[in-house]
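Trainee: For the protein sequence lines, the chains are Y and G, in the order given.
The numbering used here puts the first residue of the first sequence at 16, with every later residue one more than the last.
The numbering used here puts the first residue of the second sequence at 15, with every later residue one more than the last.
Because the hints were derived from the structure by calculation, they are not lab data.
Glycine included, each C-beta is placed from N, C-alpha and C at the ideal position.
It is possible that some hints are incorrect.
[Claimed, not checked] Ranges of calculated distance between the beta carbons of each label pair, as one might list FRET restraints: (1) G:253 x Y:225: 25 to 31 Å; (2) G:156 x Y:108: 33 to 39 Å; (3) G:349 x Y:108: 33 to 39 Å; (4) Y:69 x G:241: 27 to 33 Å; (5) G:218 x Y:54: 49 to 55 Å; (6) G:105 x Y:98: 26 to 32 Å.
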Amino acid sequence: MLQGFLLGLSTGATCLAYCAPVLFPYLLGEAKSIRQTAWTLSRFMLGRLLGYLVFAVFAWLTGNYLNTLTDRREMLIGFIYILLATLLLWYGLGQTSVPCAAGSLRGFAATLAQERPALFPLLLGLFTGLNLCPPFLLAFIAAGENSTLGHSLLFFLSFFAGTALFFLPAPLLGLGKNVSQLKNVGRLAAAVMSVYYFYSGLLLLWGGMISS
Amino acid sequence: MNAFAANREWKKALLFSLPMLLISGLLFLSGKPLTNPAKLAPAVITFLFINITFFCMIYTGQTHKYRSRFFILASLLFVVSFIANLIEVRGTMELSAANMLDGETPLCPLVIPMLIIPAALTHTIIFPGSLFAAHAGVAPMLVLWLGFSLAVGRGWCSWICFFGGMDEGFSRLCRKPKITAVDSKWTALPWAVLLGIVLTSAATLSPTYCAWLCPFKTVTEFPAIESAKTALQAVIFSSLFIGLVVVLPILTGRRTQCSLFCPFGAFQSLFNKINIFAVRINRADCVNCNLCLQKCPTFSLDEQSLQAGKTLLSCTKCGKCIDICPKKAIAFHIKGTPLHLNLQTARVLYLYPAFTFAAVIGGGCIYGGLERIFRLAVTGSMIH
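If we strip away everything but chain Y, and leave its shape as in the complex, we get (with noise of 0.2 Å):
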């Protein structure tokens, strides 16, 4: 679960800083008070949780599946550890660009905020949360280690809230103006991750070959 969070924490810089642009005109613009956009900012995030749940049960699916394909689970998890931290590596060096979901639905968007403006924060959360950068598909392989549905679902639900404390106070500090070095930080970040991913990766591997 800690584990969960800690991946969260260390990815959430990014996914606010590609995904303010979609979200904050939209939270500036709409709500009136602290009050209210306390409120649009909560069904946002209620709607990228729900989105992380969905992936939570795919990801215990996944695991499951990988357990009926071999018998060296470990081996094979680890493999996927040090394939993933190489993606988040060159992700966190190099010039790569994973857009926000949210970002290509600007057209459907203006619509439905016009047509359903109680479920246009949900709706949005939801699909900045479907993001398939390689901390998530990371977050997505660490859940599916799990073996009870619950525990997928706790490590995704620990990944959310690791990701939401970039969310909360962001309005209020006028991020706007510093998106471009927090999405270096981001960046940087998870590149500093990966080593340790890469490492995780690496004792599985061998765990796995000492004990087969």
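Let chain Y serve as the given structure and place chain G on it in line with the hints.
Mentor: What follows is chain G alone, placed relative to chain Y:
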């Protein structure tokens, strides 16, 4: 300057230096006369060096030049005294599991950001040191760090940090930088490392930066190399030392470890927000020559900040930009006061706390190192 004015300046500088003479005397010599002749010579040299440095700063109006010499010397002699002490006490620079269990490790300030979350959650200090040990115990070091941080903010990194002195020393070996362009995105790396080590330390309840990344273990103490894991750790920290503290500073002329990697430096930057001292650029006098921007050792100025008349949050208040500005448009400043007023007063008010702490810590390092060197000269060995 005519003879009368020069005489007046000299007397004024002497007068301003008197408090430092008193403070350093009280702090450094503990108010007691030294009776041991083997300790007297290094003590007198250190005492004179501290006070001559401070007098020169006041008299010449140059901050960086004298601070840097003091800072680098303190850093080099810190290594001499620290290693000699380790060899004397343990016979090796290696730190065994037994040493850690006995809480023999002096608290390194770089650990502080990693202590906070575990201390809050588990009421445990995740460091193998003693809380009230006389030599760099956890509690006295925390008090010292907090006092200095409140007094001069990230000035810590240019006035007191004995590790920063090494970085600065190697960067000053570079007369003409071989690498002039460094992508500004790398200045975000210390924050990323800070985030990473705080999180992993909280997860593992161990100071992960010390175990895996701290480059300065190369010249202080390190866990005994007894397994593949500790060997890997040794390769990582020694590579980081060679790359970030030696090679890159020589190639860039900048303090690359301090400005592009050190998580404690990033953490310390936050204190610049609440500290009353800052470095400000008077836009009316600035001619946009960008010399300060090119020469800043810690990448703490960019075009945007220059236009805003401020340094970036990472400014270590080393005084280099102030010394080199051809138009004298940059100065130490007390927040809340008008820019063009009392520039010298602001500078002197900043120098007192900054140099007092530097004298306490750096002076101790210089004295310790000199004592070992004198012992080597007299007895042929640095250790008892």
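Trainee: Can you tell me whether the CB distance of residue 253 (chain G) to residue 225 (chain Y) sits inside 25 to 31 Å?
Mentor: holds (28 Å)
Trainee: CB of residue 156 (chain G) to CB of residue 108 (chain Y), is that within 33 to 39 Å?
Mentor: holds (35 Å)
Trainee: Measuring from beta carbon to beta carbon, are residue 69 (chain Y) and residue 241 (chain G) in 27 to 33 Å?
Mentor: violated (43 Å)
Trainee: Holds or violated: the 49 to 55 Å window for the beta-carbon distance between residue 218 (chain G) and residue 54 (chain Y)?
Mentor: Given range 49 to 55 Å: violated, Cβ gap about 38 Å.
Trainee: Indicate whether the distance between the beta carbons of residue 105 (chain G) and residue 98 (chain Y) respects the range 26 to 32 Å.
Mentor: With a Cβ separation near 45 Å, residue 105 (chain G) and residue 98 (chain Y) fall outside 26 to 32 Å, so the hint is violated.
Trainee: Given a hint of 33 to 39 Å, does the C-beta separation of residue 349 (chain G) and residue 108 (chain Y) actually sit inside it?
Mentor: With Cβ atoms ~37 Å apart, the hint holds.
Hints 4, 5, 6, counting from the list given before, are not met by this structure.
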